[in-house]
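Model the full assembly from the supplied sequences, consistent with the hints where possible.
Sequence lines, in order, name chains A and B. If you read the first sequence in my numbering, its first letter stands for residue 677, the second for the next number, and so on. If you read the second sequence in my numbering, its first letter stands for residue 4, the second for the next number, and so on.
Keep in mind that a hint or two might mislead.
Stated by the list, open to error - Computed list of lysine-lysine pairs in BS3-like fashion (alpha-carbon distance at most 30 Å, straight line):
1. B:K109 x A:K718
2. B:K68 x A:K696
3. A:K718 x B:K60
4. B:K25 x A:K718
5. B:K60 x A:K717
6. A:K718 x B:K97
7. B:K109 x A:K742
8. A:K718 x B:K68
9. A:K717 x B:K18
10. A:K731 x B:K68
11. B:K60 x A:K742
12. A:K717 x B:K76
13. B:K76 x A:K718
14. B:K68 x A:K717
15. A:K731 x B:K97
16. A:K740 x B:K97
17. A:K696 x B:K60
If you are wondering where the hints come from, they were derived from the structure by calculation, not from laboratory data.
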Amino acid sequence: GAVVSQHPSRVICKSGTSVKIECRSLDFQATTMFWYRQFPKKSLMLMATSNEGSKATYEQGVEKDKFLINHASLTLSTLTVTSAHPEDSSFYICSAQTRSAYEQYFGPGTRLTVT
Amino acid sequence: AQRVTQPEKLLSVFKGAPVELKCNYSYSGSPELFWYVQYSRQRLQLLLRHISRESIKGFTADLNKGETSFHLKKPFAQEEDSAMYYCALSAGGKLIFGQGTTLQVKP
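The structure is reproduced here in structure tokens:
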């Protein structure tokens, strides 16, 4: 089956620093990757859609300069939280999709804690 | 506006009881709807989609365009069904998720 990995699974950083989260499709080529944010006991909020080789499309209200997304290859997308603040603490989840398939395959998520 | 509503945050039933997880949607086009499940400490995974009209793990969901609903049903709940369930709408290539319902199946 299609597997998506995320690294790291947990990260703690100090306020003002930047953190990079990787999302990889392990056994398939993902033309599109999505980044979500999940608040405790709440739904997944789509942050941005990333297509390989092009700029990410951000959802309304998501700061593109704060959440930098790069989709450099068909198997890797990265999310960099720049100048992180405690309010950025959250669970970040990526998903990947192939051009021909409807299904999104989800990563296990990354727990970010900003102190 | 495109929206998915799951009115129940928590649904608690006893093993063997019927289950219905409610989902209502708002979408101007032809909807494509999904149910995703997240078991404890596991990633989100697709449970079923309305187009396939299949039953997965005993769960079924019927799209009712008149009532704009896509409720998830299972006639006899099992303890292993305990999980978080999300209804999702595909719109413009993106998934819009409901708030999620925690299903708790008690022994």
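Hints breached by this structure
2, 7, 10, 11, 17
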